[in-house]
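Undergrad: Next come the chains, spelled out residue by residue.
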Amino acid sequence: MTESSPFDYRALDDVIHSRIRLAVMAILASVDDAEFTFLRDRVGATDGNLSTHLTRLTEAGYVTSRKFLVDGRAASRYRLTRPGRRAFSNYLKQIEDLLGGLEP
Amino acid sequence: MNQQTAQGELASIRSLMADSQAFLSGTWQHQLLWGTLAAIGLSATWVAAREESYTAIGWIWGVTLVSGWLCSVWLMRRGTGSPVRNVATRAFGGIWLSLGVTLTLIGTVSIYSGALEPSSLPGVLALVFGAGYFASGFMAGMPWLSAVGVAWWASGVGLLFRRGPGGLLVLAVLVLLLEVMPALVLRNRERAGAARS
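If you're matching them up, the sequences are chains A and B in order.
Residues in the first sequence are numbered consecutively from 1, following the numbering used here.
Residues in the second sequence are numbered consecutively from 1, following the numbering used here.
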């Protein structure tokens with residue numbers, strides 16, 4: 001398999017290329033910011049699972065979080081960073097290129 | 001990754017992005033607050049006007065407007081609005097903040113400056129409400145909310161043709177029917193949506 005091959009999945013960003021992380025990135029790319037509960041409900045993940053994926057995205061510098069209080073309980077809002085937005089845009093382009101490459 | 005997987009992935013990404021962009025909630029609190037305050041203020045004004053106690057009218061609206069704006073600021077700072085901030089919530093918030101300021105200015109400055117007859121006020125306010133509801137419903141893809149806007153416009157036209165002291169009481173009833181009720185519908189829908197997820 002050559003580097004220009006449309007099936008070169010190794011070129012895809014490994015941080016984004018997971019079903020839950022991709023869904024989180026897609027949601028955050030279309031909003032200003034979102035609460036943890038909103039992401040959890042939209043993605044359909046458990047609290048622990050989503051938390052693990054969000055940590056991975058935060059460590060990669062793609063997402064930032066801010067804690068605040070709502071009715072006395074702690075809540076977190078997540079937002080895509082500029083590198084995160086760029087990485088997501090690149091990821092989409094790679095998939096679109098892949099589809100273009102497969103067209104007869 | 002094959003073509004089918006990639007196409008499926010792209011489709012689900014687009015669907016998630018479109019849903020999240022259009023998501024709208026947490027807008028009913030301000031409507032409920034202002035609707036309740038306005039209904040009380042208008043009824044109290046109607047009573048004060050009958051008693052010809054014009055100083056009381058100034059106090060009623062001073063207290064109503066100051067407490068309303070303080071509560072609105074408190075609601076905004078409390079951050080209990082929408083669990084997501086997006087184009088829809090920004091546009092909705094912008095519409096109602098600008099209309100809130102417009103309604104406040106029409107209700108105060110235009111009366112004290114003498115630019116507007118007090119008997120015309122209920123009709124003019126109803127027309128402004130109509131614009132807010134129609135635009136909100138159109139933007140949020142809720143035809144029933146746009147219909148509320150049309151009902152406000154029709155009521156506003158009626159109030160302008162039939163001006164009189166009773167207009168205040170009619171407007172108080174309209175606020176209960178066309179502001180408080182829609183706020184309760186939006187609250188119930190939001191709670192039903194939360195329960196489903």
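If you're looking for bench data, these hints aren't it; they were derived computationally from the structure.
Beta carbons are placed, not taken as given, at the ideal position from N, Cα and C, and that holds for glycine.
Wrong hints could be hidden among the right ones.
Residues from chain B that keep clear of chain A, each with C-beta distances beyond 12 Å, as calculated [claimed, not checked]: (1) Val-47; (2) Ala-88; (3) Ser-146.
Pairwise CB distance ranges, derived in the manner of DEER restraints [to be verified]: (4) B/Val-101 with A/Asp-97: 47 to 53 Å; (5) B/Ala-154 with A/Phe-68: 29 to 35 Å; (6) A/Arg-82 with B/Trp-74: 30 to 36 Å; (7) A/Arg-79 with B/Gln-7: 25 to 31 Å; (8) B/Gln-21 with A/Asp-97: 20 to 26 Å.
Undergrad: Hint by hint, work out which the structure violates, then give me just those numbers in ascending order.
TA: The structure breaks hints 2, 5; every other hint is satisfied.
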